[in-house]
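Trainee: Okay, here's what each chain looks like letter by letter:
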Amino acid sequence: MTTSTCSRRKFLGAMGAAAGAWMARPAMSLARSTPAARVAVGTCHEYGPEVLETLSSMFDQLGGLEGLVRGKTVAIKLNLTGLATDRLGYLPAEITHWVHPEVIGATVHLLGQAGAQRIRLLESPLVTTEPLEEFMLQANWEPRDFLGAASRVEFENTNYLGYGKEYSRFWVPGGGLMFKGYDLNHSYEDCDVFVSLAKLKEHVTAGVTLSMKNCFGITPCTIYGDGAPVDEPSLTPRGGRGPFHEMNRLPSKSAPPIVNANAPKDAGYSVPRVVADLVAARPVHLAVIDGIHSMAGGEGPWCDHVRHVQPGLLVAGTNCVATDAVCTALMGFDPMADRGAPPFETCDSTLRLAEQLGVGSRDLNQIEVVGTPIAKARFNFRSA
Amino acid sequence: MNLDKNWLPMKWPCGPLELARRNKAGSVKPDLKEALEAWERPSALELLKGTPINCLIVDWAAGVREDLDQQQALKPLLEAGGRLGLSFVGRVAVKEDTGAAVAAARAAGLRAVMLDDTSGQSFALPAILQFPRDKVAWENASTIFSSTENVWPGLNLETMHGDTAVAGPTGIPWVNSNAWFALLAAELAPGKTLWLDVDPPDASTAAHPADYALAIADSRAYGSQWIISLDDNLRAALQKGNVQAKSIWEKICQTLAFCESHREWQRFQSQGVLAVVSDFRGDNAYFSGEVLNLLNRRQVQFRIIERSTSLPALAHGLKAILWLDKQVPGAEQHSQLLTFARQGGLVVAGAYWGPAGVQPTKKDPSLQYNMYNVGKGQIAVAEEGFNDPYQVAVDTHLLVSRRNDLVRLYNSETTNCHSSGEFTSPHHGRRLVQVLNYSSDPADSVTLWVNARVASARLWQPGTKVAPTLQGVAASPGTDFGLPRLSVYCALEFEGTNL
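Protein chains in written order, with this note's numbering: chain A, 1 to 384; chain B, 1001 to 1499.
Hints are computed from structural coordinates only; laboratory data are not their basis. Just so we're clear, the structure is a prediction, and the values are computed from it rather than from any experiment. Don't be surprised by glycine CBs; every beta carbon is placed ideally from N, CA and C. It cannot be assumed that every hint is accurate.
Unchecked claim - Derived lysine to any residue pairs resembling SDA-like cross-links, with alpha carbons at most 25 Å apart: (1) A:LYS165 <-> A:PRO256; (2) B:LYS1376 <-> A:LEU147; (3) B:LYS1319 <-> A:PRO256; (4) A:LYS165 <-> B:LYS1319; (5) A:LYS165 <-> B:PRO1360; (6) B:LYS1363 <-> A:PRO143; (7) B:LYS1319 <-> A:PRO143; (8) B:LYS1363 <-> A:GLU189; (9) B:LYS1363 <-> A:PRO256; (10) B:LYS1363 <-> A:LEU235; (11) B:LYS1005 <-> B:GLY1191; (12) B:LYS1362 <-> A:PRO256; (13) A:LYS165 <-> B:LYS1005; (14) B:LYS1363 <-> A:SER151; (15) A:LYS165 <-> B:MET1371.
Stated by the list, open to error - Every beta carbon over 12 Å from chain B, so not counted as near; a handful from chain A, in silico: (16) GLU53; (17) GLU134; (18) THR346.
All chains should be modelled from the sequences, with the hints used to inform the complete structure.
Mentor: Printed below as a string of structure tokens:
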């Protein structure tokens, strides 16, 4: 492990600058050097007041949030996958496959406390343009709790044009692995800091779903959905993101084109590449992973052989590849593994692909883990 | 003689008229012919012993030469039925001399007739008027009245590809239900009983039967009564003593017996924070009916208000009024609606008729509505009027907000529910949430959420005589109830305060 030599404010400031630089340089070598990173691991056995305490301590261990967010607009992509009425058995979504509102509230509060000027909660709920608050209410959440957690909190459903007048275009540095670029809701451009707030889960298609895979959901189904029109985006999303899995149809022609029209029609090939593209095109400044309660065996109740687990963990980092690599290790897997080895038995490793795009390192030797050591916090998802 | 609201009706097809009709349609197979002949015999009534079915509907006159043969042939059945305490209703579908047919029915001991149209005439027997669903003359509806052109409840097979359900516009499998129409009937014909006339699908067999229990539950949960109607294959199989057929019949009777043992639930009032206002007639009938249907599918609990009646006040637990019709409110209603808004209510409409000079605002880019602030409340006006009933249902639910939901179901793709209650005071009484599964497969791990904080509920299911206590799990807000595997129907009953 390497030890950071810069002050915590400088460290985070440098991370933000690096992310901005990636956005500004559309064509970079795939073999870029990857930044060193620090990842904080906290143990937290239940949702409650200890979440705020633990996260606060973890953010301090990362160098503090102030340098990253003071006076800035912060966009947080939440992981609220599937329908709001989906449950694993009788358990509420936040106990299994959604990031828990306590973790969202605590993060929002700490961002606000660190001086964030505006905090925008984002998600692209399945097949609907309804306000994000209403989607949360359907899951029996109270969105007003988030409004009270910091001074200026907003919501936006990013599965369509939303409040924007046009979609924002994000080119993938180096030309992209799957698509040359992506058209996204304006919210992903109209922010200074981008946070991925995800759940610690396995994923049937991508092996694991953490802060990077969470960004799969920033793509609007008006363009990338099963029923998206051929030429232009639809006004409302039609269907899910099946085309990214099946590659049976291309996004609306208005969006940047596919890199290789003969790419394998294999979700284990396409989904990790789309995810790696997205985090290269729309860099993540802060990754926060809720692993207090979760599920093993897949990403949602719709998967076979899934079960509730309680790893009792929170993980945060300023580099999404490094953070996800640590999470992968915490889940009992080798982050250096590739297709054929757990958890990537049937897919390519998003960690490797993102590393290849220069987003960050998955090598634990290149990552400084602070807080609870991996060996002490490891929770084996396969044997749980 | 009066129509008896305690009648539990069943179609009893038999006799020369039925045979003639079937012959004309070319649908008489040997098994069916045998069954039709058997059901004409008094011994067939054995099937009904020990069941709650107490009223049989028979063909009586169709204006054809077989009428007299039919009436003669039914005599032994009518006599035997009378001895068993059964009532008979004769279906009379003649264009001329209805009076004579009804008089003959009276003479033969029938208790009532079922007619398409009385044209204001009076007859020797009470009449159950039957209307196509979109042409009900609500003002003229008899104490018991019947509708045709109903749907067979269940997943809509037109949206199925093999075993895979294709999503409707809601993103969840489309279901057919008569719920909305039963709720509408309760408002437009208060105190009267709706009999739903719908036959099971032709494809129904003893091995793969139509979901009869669901047909019963879908009607009774919403306050109407399905006229029991067995499919030809089941009737023939029952006649032959087929074991599977007997089992199906027993399940039908079990469900009926359960519903009969809870008749008091039928007088419970539907709950809802939303009032849907329309005249539900003429040009407005289809649109308003479809909005009710789609609101119900979204589990939105609503009350129906006939446009000409006085509008309810905010104090009655209402939070929103949906004014569906293109016609602007009359002076009195205009005043009531504005009062409702000024006091903090939400009025949703297709055109603006509120105070002049109010500048509208927007609520959300996905909601194509102009919001006019009026007093403490708002009038939400669809930018392009009301054009699509689906969109009206979705938008109204979102404008009212899910924060005001009374019930929700989780893992609920094929289920729906109805919340009703009987309250002795605004804060005390009994509340009932009936949950239905419209799939032929049982629904697993369904959670019912209710907006009240309650510790437990009584869980009622057909086939069980006692209702076990189901413990709730406190949610924030409200309470979750994990339901046992749901085949067709269950009901949760709550009693206490602040329900």
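Trainee: Hints broken by the structure, by number, lowest first?
Mentor: 3, 4, 9, 12, 13, 17
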